[in-house]
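**Q** Single-letter residue listing:
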Amino acid sequence: MTTAIAAKAQVRTAMNPRRYLGDTWRHPIARAFLKAILTIWVTTTLTFALIRLMPGSPVELKIDELIQTSNGALSYEDAKAIASSLFAINLNAPFHEQYLSFVWNLLHLDLGSSFLSSGTSVTSIIIAVLPWTLFSVGTGLLLSFVVGIGLGLLAAYRRDSLLDRVVSTGGSLISSIPNYLIALLMILFLGVQWHLVNFTSMRGAYTSGMQPGFTPAFIGDIFYHASLPITIYFLTQIGHWILSMRSATLSALEEDYVTAARARGLSDGRIRTAYVGRNAVLPLVTQLAISVGLIVGGAAIIEQIFAYQGVGLRLLAAVTQRDYPVIQGIVMLTTIAVVIANLAADLLYSKLDPRIGRAGGASG
Amino acid sequence: MSAAVFARPTLGQRLLGPWHASVEFFRLLSRRPIGLAGFIGIVFFLLLAFVAPVFVPFQNDPSLVDIYLTPSQAHPLGTDFQGKDVLNQIVFGGRDILTVAILAALVSTVIAITFGSIAAIVGGRLDSAILAITDVTLTLPKLILLIAVAAILRPTSFVFLAVILGLLQWSSLLRQIRAQVLSLKERDYVEAARSLDLGLFHIVFREILPTMRSYIAIHFIFAMTEAMYAQVFIVILGLVPVSGSNWGIMLYFAQGQGALFFRDSIWYILSPILAISLVQLSLVSFASALEDIFNPRLRGSA
Amino acid sequence: MPVLSVRGLSIDYITRRGPVHAVRDVSFELEKSETLAIIGESGSGKTTLAVGLIRLSPRGTKVSGGQILYTKNGLTTDVRTLDDDDLREYRWAEAAMVFQAALNSFNPVITIWEQFNDTARAHGMKDRHRVRDRADELLDLVHLDAKRVLPAFPHELSGGMKQRVLIALSLMLEPQLVILDEPTTALDILTQRSIIDLLKQLRERLGFSMIFISHDLSIAAELADRMITMYAGRVVEEANVGDMFYRPRHPYSVGLLRAVPRVSGALGSVASIPGSPPDLMRLPKGCSYAPRCPYAIDECRASDPPLFPVDTPRHQAACFRWKHVAEVLGSNAEVPVAEKLA
Numbered sequence: 001m002t003t004a005i006a007a008k009a010q011v012r013t014a015m016n017p018r019r020y021l022g023d024t025w026r027h028p029i030a031r032a033f034l035k036a037i038l039t040i041w042v043t044t045t046l047t048f049a050l051i052r053l054m055p056g057s058p059v060e061l062k063i064d065e066l067i068q069t070s071n072g073a074l075s076y077e078d079a080k081a082i083a084s085s086l087f088a089i090n091l092n093a094p095f096h097e098q099y100l101s102f103v104w105n106l107l108h109l110d111l112g113s114s115f116l117s118s119g120t121s122v123t124s125i126i127i128a129v130l131p132w133t134l135f136s137v138g139t140g141l142l143l144s145f146v147v148g149i150g151l152g153l154l155a156a157y158r159r160d161s162l163l164d165r166v167v168s169t170g171g172s173l174i175s176s177i178p179n180y181l182i183a184l185l186m187i188l189f190l191g192v193q194w195h196l197v198n199f200t201s202m203r204g205a206y207t208s209g210m211q212p213g214f215t216p217a218f219i220g221d222i223f224y225h226a227s228l229p230i231t232i233y234f235l236t237q238i239g240h241w242i243l244s245m246r247s248a249t250l251s252a253l254e255e256d257y258v259t260a261a262r263a264r265g266l267s268d269g270r271i272r273t274a275y276v277g278r279n280a281v282l283p284l285v286t287q288l289a290i291s292v293g294l295i296v297g298g299a300a301i302i303e304q305i306f307a308y309q310g311v312g313l314r315l316l317a318a319v320t321q322r323d324y325p326v327i328q329g330i331v332m333l334t335t336i337a338v339v340i341a342n343l344a345a346d347l348l349y350s351k352l353d354p355r356i357g358r359a360g361g362a363s364g
Numbered sequence: 001m002s003a004a005v006f007a008r009p010t011l012g013q014r015l016l017g018p019w020h021a022s023v024e025f026f027r028l029l030s031r032r033p034i035g036l037a038g039f040i041g042i043v044f045f046l047l048l049a050f051v052a053p054v055f056v057p058f059q060n061d062p063s064l065v066d067i068y069l070t071p072s073q074a075h076p077l078g079t080d081f082q083g084k085d086v087l088n089q090i091v092f093g094g095r096d097i098l099t100v101a102i103l104a105a106l107v108s109t110v111i112a113i114t115f116g117s118i119a120a121i122v123g124g125r126l127d128s129a130i131l132a133i134t135d136v137t138l139t140l141p142k143l144i145l146l147i148a149v150a151a152i153l154r155p156t157s158f159v160f161l162a163v164i165l166g167l168l169q170w171s172s173l174l175r176q177i178r179a180q181v182l183s184l185k186e187r188d189y190v191e192a193a194r195s196l197d198l199g200l201f202h203i204v205f206r207e208i209l210p211t212m213r214s215y216i217a218i219h220f221i222f223a224m225t226e227a228m229y230a231q232v233f234i235v236i237l238g239l240v241p242v243s244g245s246n247w248g249i250m251l252y253f254a255q256g257q258g259a260l261f262f263r264d265s266i267w268y269i270l271s272p273i274l275a276i277s278l279v280q281l282s283l284v285s286f287a288s289a290l291e292d293i294f295n296p297r298l299r300g301s302a
Numbered sequence: 001m002p003v004l005s006v007r008g009l010s011i012d013y014i015t016r017r018g019p020v021h022a023v024r025d026v027s028f029e030l031e032k033s034e035t036l037a038i039i040g041e042s043g044s045g046k047t048t049l050a051v052g053l054i055r056l057s058p059r060g061t062k063v064s065g066g067q068i069l070y071t072k073n074g075l076t077t078d079v080r081t082l083d084d085d086d087l088r089e090y091r092w093a094e095a096a097m098v099f100q101a102a103l104n105s106f107n108p109v110i111t112i113w114e115q116f117n118d119t120a121r122a123h124g125m126k127d128r129h130r131v132r133d134r135a136d137e138l139l140d141l142v143h144l145d146a147k148r149v150l151p152a153f154p155h156e157l158s159g160g161m162k163q164r165v166l167i168a169l170s171l172m173l174e175p176q177l178v179i180l181d182e183p184t185t186a187l188d189i190l191t192q193r194s195i196i197d198l199l200k201q202l203r204e205r206l207g208f209s210m211i212f213i214s215h216d217l218s219i220a221a222e223l224a225d226r227m228i229t230m231y232a233g234r235v236v237e238e239a240n241v242g243d244m245f246y247r248p249r250h251p252y253s254v255g256l257l258r259a260v261p262r263v264s265g266a267l268g269s270v271a272s273i274p275g276s277p278p279d280l281m282r283l284p285k286g287c288s289y290a291p292r293c294p295y296a297i298d299e300c301r302a303s304d305p306p307l308f309p310v311d312t313p314r315h316q317a318a319c320f321r322w323k324h325v326a327e328v329l330g331s332n333a334e335v336p337v338a339e340k341l342a
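Residue numbers (this note's numbering), protein chains in the order written: chain W, 1 to 364; chain Y, 1 to 302; chain V, 1 to 342.
In short, the hints are calculated from the structure, not lab data.
Just so you know, even glycine gets a beta-carbon here, dropped at the ideal spot from N, CA and C.
Any given hint might turn out to be false.
[As the list claims (entries may be wrong)] A partial selection of chain Y residues facing chain W, derived with a Cβ cut-off under 8 Å:
(1) Leu47
(2) Thr139
(3) Leu140
(4) Leu143
(5) Ile147
(6) Val149
(7) Thr225
(8) Phe233
(9) Ile236
(10) Gly256
(11) Leu260
(12) Ile273
(13) Ser277
(14) Ile293
[Claimed, not checked] Only pairs whose alpha carbons sit at most 20 Å apart, straight line, appear in this in silico DMTMM-like list of lysine to aspartate or glutamate:
(15) W/Lys62 / W/Glu77
(16) W/Lys351 / V/Glu114
(17) W/Lys351 / V/Asp140
(18) V/Lys147 / V/Asp136
(19) V/Lys126 / W/Asp268
(20) V/Lys62 / W/Glu254
(21) V/Lys200 / V/Asp188
(22) V/Lys147 / V/Glu114
(23) V/Lys200 / V/Asp225
(24) V/Lys62 / W/Asp160
Generate coordinates for the entire structure from the input sequences, incorporating the hints supplied.
**A** Below, the structure is given as structure tokens:
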């Protein structure tokens with residue numbers, strides 16, 4: 001059915017010589033890039049609207065606060081000038097110019113300065129924490145993807161066996177319990193009740209006083225500190241991959257080319273990897289892109305529960321301190337990171353599936 | 001896809017429909033123990049949240065001598081950091097959470113249905129535009145955005161919170177509705193309705209949507225689980241101004257007061273965790289059973 | 001010794017409602033370099049039979065009886081008793097299969113060359129250069145440009161090209177037997193024509209035996225030496241191709257022949273057989289074609305007719321009334337049945 005729709009879309013494109021957004025949106029690679037740019041633009045605009053346009057917005061609040069704390073020493077204009085630099089928005093210009101300069105500054109990664117430690121740029125704050133989140137989220141996601149795909153394939157091959165039941169039921173059970181509850185349960189049982197894990201020693205991104213570098217000791221240490229968040233990301237994603245891979249494999253097994261490969265006398269191993277596995281995994285690569293955004297968001301609470309020094313924990317601190325430039329900066333840089341990960345997944349997909357990307361050239 | 005499953009009911013089926021359909025439905029459900037358990041779980045929690053509070057007195061008085069009590073006759077699930085009865089809080093703490101989840105699911109489903117069918121039926125540029133917006137929303141790190149929005153807007157009313165949650169999660173449902181409508185659009189009866197010039201509204205609401213009822217119901221339940229996840233997420237983080245009592249707020253306090261690290265308070269913490277998890281599990285297993293029943297092509301898969 | 005001798009083969013589909021007898025007690029023999037066409041409506045069991053011959057039946061299928069005897073160099077083996085390794089070797093090296101859906105017979109994510117190479121490696125041809133030479137030779141045989149085809153992905157080839165590639169691939173290991181399941185169904189008329197011509201050429205050059213499954217009698221007529229008509233999982237008639245077209249003795253074969261469009265491809269001239277094939281789970285007592293048969297008498301509804309030898313040599317029909325059918329049609333060998341009855 002989807003192919004019928006795609007075919008129809010192609011016919012429509014072919015008949016209509018005018019190329020509009022719709023056509024571009026149907027070309028996978030162009031779409032991936034366009035989507036990335038649009039997503040960043042939407043987030044930017046949304047953030048600008050939240051920060052600047054809402055009545056009683058953070059900017060206005062800050063100006064009032066500056067005037068009050070200076071006991072009248074600052075005029076409204078002076079306060080506005082300070083706020084301008086803090087938020088990286090030129091508040092004296094008309095709204096549309098404010099917006100344009102805001103976007104311009106963003107392009108230069110100028111995201112303003114933190115309220116609290118004045119002079120510290122938001123960009124430097126984020127650069128200090130973002131890698132840790134990307135590292136832990138990325139590791140957890142990739143591990144769950146690889147293991148989940150293996151188990152899903154196995155479950156599909158041994159459909160209705162005991163292994164299949166255990167794996168699929170377990171997978172759907174664990175993926176329906178919110179990840180933060182699993183994190184709390186881990187602390188509750190592994191740490192408090194059974195004393196199996198020393199949570200306090202695992203706080204932070206690495207043991208303080210350790211010299212960062214590519215030494216085995218340091219790498220071991222960062223994995224030690226990230227192990228709990230990684231475990232949670234792994235556990236909460238694996239069910240999804242198992243179930244998706246299982247059903248993708250079941251439908252791949254019904255494909256004619258698999259029967260044809262058997263008829264050609266190919267070995268089971270070759271059929272499983274290159275014929276069934278490779279085709280079943282394809283649709284999951286696009287889901288990988290969506291998952292990145294989901295887990296990065298969920299990471300905020302996981303990092304808070306385990307006191308892991310990533311971008312989520314920093315965001316929550318900024319929220320409590322009402323440090324709006326930091327909030328704004330984190331939202332935007334995280335979005336950009338997620339968008340890049342998405343783009344990578346989309347491009348990977350078009351590389352893995354020869355039907356994508358070449359289609360325009362070869363059949364057109 | 002499963003379009004063929006959503007056959008158009010005959011007149012007789014429509015007249016006798018509801019009764020026969022529900023008998024048949026429960027017969028099919030009773031063959032799926034996990035789905036049945038999910039259904040019973042949902043009924044139980046709905047009763048607990050909306051009916052039980054009428055019969056049980058609300059106990060909200062802190063009692064300093066009773067803090068962190070282990071379960072006993074008087075306090076079957078123990079007490080919290082203020083000496084309040086945990087069971088009582090579980091009974092009263094479900095209503096707000098479930099209400100917000102239902103409202104948010106309603107908001108997202110309505111958005112998805114409206115714009116998904118418009119995109120599929122009108123097609124062309126409008127379709128592309130809606131698809132583009134949907135793809136963008138799908139990419140956004142929604143929970144990060146939710147934190148920022150909650151921090152700046154400070155939602156105090158539950159309706160407002162529900163709307164925000166609903167606005168964040170319509171995208172995947174919209175894509176599926178659009179795909180479904182696109183395939184249904186080609187069916188004869190829709191063609192017939194179109195040739196009679198019955199209008200967009202009629203075609204969508206009278207001809208297409210009725211055939212997608214079960215499909216929408218399933219996604220409504222999944223939307224509820226997502227809304228509940230996101231809701232408890234920001235409540236635990238303390239981003240919703242705290243008032244009253246619900247399972248999320250219990251966890252917020254348990255974490256904030258350090259009860260998490262207190263060995264005797266295990267039932268205090270475990271109770272809301274179990275309540276939330278069981279609601280989620282019930283919803284998911286019931287929805288999966290529904291999928292299994294209404295989408296027989298996938299039948300036999302676990 | 002025939003290349004393939006099938007004796008009393010029965011294949012069931014196991015369902016929750018009980019077994020479906022998809023193939024019932026089928027026997028036939030295929031000589032070296034001979035082409036056998038198996039015809040019947042969809043659901044007659046012809047594809048199940050074809051797939052069963054290389055033991056590739058889907059999950060939930062059970063071969064409930066019979067033998068599939070394959071002979072090479074005077075040695076005869078029952079395909080049903082082969083172990084996994086021997087079976088893998090038998091598939092493609094001895095009996096290659098060109099599928100109904102050739103369009104989907106190739107893995108969409110790897111190149112045609114890799115699929116040639118996979119096949120070669122599975123049968124012990126490890127030398128990539130030799131495989132490459134062989135692939136070039138085969139593609140040349142089916143009139144395709146190897147330089148263009150081998151590096152291509154399946155979606156970059158047209159339907160007719162894919163079918164040619166699959167035919168080339170089927171000949172890679174010089175099998176004695178090639179099974180073709182509706183090889184031209186999804187193709188346009190001109191492409192069908194060229195594929196048929198190609199198959200004729202190849203058969204003459206290489207001398208393999210063919211089993212050809214189709215619902216399209218005109219194609220079967222061009223390629224086949226002998227023909228089998230299947231109905232409800234049974235062989236109802238077996239004859240040389242000329243006898244089948246000019247002197248059919250089973251009413252179902254007659255019905256099928258009438259269903260052939262007279263002006264090739266013109267719609268509207270197809271006289272279809274009234275009624276539909278029976279539910280294989282609840283077969284009627286007696287002849288399973290009786291409910292649709294214009295000549296049925298009480299005897300037909302009482303017991304299932306065995307295959308009777310009829311008035312022409314090597315010709316059998318499972319019909320009590322074959323003599324009556326012969327009378328109705330006459331024995332004018334000049335005009336095919338389709339013309340006569342129209």
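**Q** If a hint holds in the structure, say so; if it does not, say that too.
**A** To see whether the hints hold, each was checked on the structure:
no.	hint	in the structure
1	Leu47	violated (21 Å)
2	Thr139	holds (5 Å)
3	Leu140	holds (6 Å)
4	Leu143	holds (3 Å)
5	Ile147	holds (6 Å)
6	Val149	holds (7 Å)
7	Thr225	holds (7 Å)
8	Phe233	holds (6 Å)
9	Ile236	holds (6 Å)
10	Gly256	violated (11 Å)
11	Leu260	holds (6 Å)
12	Ile273	holds (5 Å)
13	Ser277	holds (5 Å)
14	Ile293	violated (16 Å)
15	W/Lys62 / W/Glu77	holds (13 Å)
16	W/Lys351 / V/Glu114	holds (17 Å)
17	W/Lys351 / V/Asp140	violated (31 Å)
18	V/Lys147 / V/Asp136	holds (8 Å)
19	V/Lys126 / W/Asp268	holds (18 Å)
20	V/Lys62 / W/Glu254	holds (18 Å)
21	V/Lys200 / V/Asp188	holds (19 Å)
22	V/Lys147 / V/Glu114	holds (14 Å)
23	V/Lys200 / V/Asp225	holds (12 Å)
24	V/Lys62 / W/Asp160	holds (19 Å)
Of the numbered hints given earlier, the model fails hints 1, 10, 14 and 17; all others are met.
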